Amino acid sequence: MREAIEGSLAIARAVAMCRPDVVAAYPITPQTHIVENLSRLVAEGQMHTEFVSVESEFSAASVVLGAAATGARAYTATASQGVLLMAEVLFNIAGLRIPLVMTVANRAVSAPLSIWNDHGDSMAVRDSGWIQIHCADNQEAVDTTIQAFRIAQETELPVMVCMDGFVLTHTMEIIDMPSQADVDGWLPPFEFDRRLDPANPKSFGMLVTPEYFAEIRHAHHAAMARALPVIEAADRDWAALTGRATGGLLAVEGDPEADVAIIAMGSTVGTLRAGMAADAGRAGPARLLNLRAFRPFPAEALRAALAGVKHLIVIDRAISPGLGGIVGAEVAAALYDMPDRPRLHNHALGLGGRDIPETIYADLLAAIKDLDAPGFSVFDADLAKLAPEDR
Amino acid sequence: MKEFRIHGRGGQGSVAAAYLLAAAAFEAGFTCQAFPSFGAERRGAPVTAFVRIDSAPIHLRAQIQTPDFLIVQDDTLLLDHAITAGLKPGGAMLVNSERPGEAIAADFGCRAFCVPATALAVETIGKPIPNTALLAAFLGLSGLMPLEALASALKGRFKGDTLARNLALIDRTAASVPQGLWKEPADA
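The listed protein sequences correspond, in order, to chains F and X.
Per this note's numbering, the first sequence starts with residue 1, numbered consecutively.
Per this note's numbering, the second sequence starts with residue 1, numbered consecutively.
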């Protein structure tokens with residue numbers, strides 16, 4: 001049913017429809033209304049869930065790890081510094097191949113202190129072995145959250161649903177909320193064959209000597225590759241039920257014949273969409289790629305979507321100091337073998353909540369024409385604010 | 001698309017006003033988007049919230065720089081003349097104030113109307129929270145959507161006595177303003 005609803009409340013209700021057995025969360029900053037709304041739903045008796053309010057994100061991650069290991073459907077949410085405080089446990093969750101779902105309300109990481117949106121937090125744990133899926137709007141975030149529970153249990157991998165903090169979490173917009181009956185019929189009950197069971201004792205996370213560590217990492221990498229079709233299948237099945245596809249690994253929109261393409265993750269996609277419509281052909285058309293799956297990285301789908309593209313603009317909402325753009329570097333690697341690979345224009349923008357205006361579309365396209373431009377820039381940085389050596 | 005910027009102080013329900021206006025627009029059959037200007041929330045500090053209302057899906061996520069309408073919940077915020085920055089030509093400002101709207105219109109060079117929303121709220125709901133009265137006044141002035149849409153949005157947010165008092169407040173305030181003063185011929 002279509003409703004005007006705030007992103008965080010919509011995610012809480014979507015999580016509730018997935019009937020998690022355990023939700024653990026640190027309730028204080030940096031946290032969203034997601035877990036506040038979940039705790040209310042539990043307190044009101046609308047959710048039959050063990051809600052564990054913990055003293056840190058390290059504990060929140062540890063509780064959901066333990067809960068899922070015993071065969072419970074588990075969920076948590078965090079943002080920013082919370083992701084970093086969880087980091088050690090996130091690697092353990094993934095390394096132990098524990099299926100659970102976490103929302104990251106993407107926010108910048110200190111220092112300098114910032115509470116605003118960028119992708120610095122989830123990028124910091126991109127190598128943790130979690131599936132990471134980014135959402136362009138709150139409808140995608142709701143649908144992806146439900147799909148994530150199915151993807152997690154089918155792949156036996158943890159899934160991080162990334163949604164832009166504030167820009168999506170605090171925005172009220174119209175969302176077609178699924179019904180409980182829809183979700184109940186679509187999402188099978190949680191089953192985890194490797195679960196801890198007193199009747200069948202086993203150990204998790206034992207010491208692994210050099211004779212096996214490489215094989216286990218290789219197997220994890222292989223499991224991530226197998227997750228690619230699972231992510232696509234989950235979206236196809238969800239679309240068959242609801243009529244709404246999220247885009248799976250990546251979605252292509254705009255002009256499919258354009259020889260200019262823009263890749264973005266998250267809510268920036270919407271502003272680019274609006275910018276393209278408002279531009280009315282002055283800057284020219286573009287293919288717009290909504291890159292949803294960042295891990296596993298959909299290199300093959302990306303190459304297919306970029307056939308015939310001459311100029312590729314890759315937007316990063318985070319920076320790897322000393323390298324530049326993270327998505328940009330990964331896209332470059334994925335395209336290296338393409339015979340007619342496009343020229344790459346990699347820009348970080350919207351760091352630490354810098355507002356991204358509608359004109360960004362035309363500005364990015366105009367920048368292609370500068371043949372002397374560096375391969376990477378912080379596009380919206382005002383260099384005049386900096387000391388000469390930092391420009 | 002109609003774009004709104006709501007200015008208030010922490011505790012006056014500016015973000016709630018944005019959500020209520022968007023929810024009312026949805027009830028009236030429009031598309032909508034509402035979000036706060038993200039900052040550290042403190043009681044009394046200036047707060048800004050944004051609303052977009054359209055008849056087509058809204059994709060733009062940028063903060064609103066060139067609003068069609070300003071809703072100002074606290075007239076001390078008018079001390080900063082930058083408050084009307086970017087207001088579209090022909091745009092209008094609704095202010096919670098006991099002052100005459102003509103004086104503010106002359107000060108800022110834009111259409112302005114004042115409603116003593118805090119006084120009305122204290123009388124009717126017993127609290128100095130002007131947001132619902134201002135929204136009702138805006139709907140009366142603009143004719144953008146029927147007052148029933150706001151009543152439906154309030155029913156989604158409040159219950160019992162609080163709801164009843166707010167419904168009485170919006171009826172009373174909407175009736176007190178010149179109906180359709182800001183109505184555009186194109187707004188069919």
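Be aware that one or more of the hints could be misleading.
For the chain F half of the interface with chain X, some residues (derived, Cβ under 10 Å), not all of them [claimed, not checked]:
(1) G165
(2) F166
(3) T171
(4) T268
(5) A277
(6) D279
(7) A280
(8) G281
(9) G353
(10) P357
By construction, these hints were calculated from the structure, which means they are not laboratory data.
Being a predicted model, the structure only gives us computed values, none of them experimental.
By construction, the Cβ of each residue, glycine as well, lies at the ideal position given by its N, Cα and C atoms.
**OP:** Output the numbers, in ascending order, of every earlier hint that fails for this structure.
**Re:** 6, 7, 8
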